[in-house]
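The listed protein sequences correspond, in order, to chains A and B. In terms of the working numbering, the first sequence is residues 1 to 111. In terms of the working numbering, the second sequence is residues 1 to 114.
There's no promise every hint is true.
[As the list claims (entries may be wrong)] Under the rule of at most 27 angstroms between Cα atoms (straight-line distance), these lysine-lysine pairs were calculated in the DSS-like manner:
| no. | chain 1 | residue 1 | chain 2 | residue 2 |
| --- | --- | --- | --- | --- |
| 1 | A | 57 | B | 54 |
| 2 | B | 101 | A | 70 |
| 3 | B | 5 | B | 71 |
Everything labelled a hint here was simulated from the structure, so no lab data went into it.
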Amino acid sequence: DAGITQSPRHKVTETGTPVTLRCHQTENHRYMYWYRQDPGHGLRLIHYSYGVKDTDKGEVSDGYSVSRSKTEDFLLTLESATSSQTSVYFCATQGFNYGYTFGSGTRLTVV
Amino acid sequence: DQQVKQNSPSLSVQEGRISILNCDYTNSMFDYFLWYKKYPAEGPTFLISISSIKDKNEDGRFTVFLNKSAKHLSLHIVPSQPGDSAVYFCAASTTTSGTYKYIFGTGTRLKVLA
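One chain only, chain A, in its complex shape (with noise of 0.2 angstroms):
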């Protein structure tokens, strides 16, 4: 979908380094939410926003933190990426019906 756009697609990085992900959407929505894609566990919620500054914590949090200093920038950042945090990760808004639209996704490796 046109738009929310992820960046970067794809990313390898090193076992504790700090890595950061974005999602950019323009379509003005108020919530914004992440999630990541593993094998056998289907798209897991890690944070979400519901405005500017307003975060919360979704089932798989632990090592991660977000911010959304604008409606339309949410960062999800692996604060010490480890092996385990190896996935595919989404970002998604949730529009006027009661769906998500999610973006394309970006692949990480911890290597």
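Dock chain B against chain A, hints included.
Relative to the frame of chain A, chain B by itself:
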């Protein structure tokens, strides 16, 4: 303690036949359900939804059925087409607050054989 379960990791169906994908949930507070389709290297895309006040919702070839007493929903695709080959996720949420924190199942990989 998976609250949303898709017990079939994969399903193969002949082109033109019906595909039935199943999803079970444990939380009786869930009152809104979605199905998403995902192709490789792309984000999930919305397919169809159903509210707990309904037991069926139809959109073209796609129909979702909800059985609240059994805590079960299913997605029917008729007729199935090769382009339907993808991973399908069901998701559930409560709608008591403004934010909908969907819980997703683990997905079912559908392969439609030409």
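Quiz item: Hints broken by the structure, by number, lowest first?
Solution: Violated hint (a single one): 1; every other hint is consistent with the structure.
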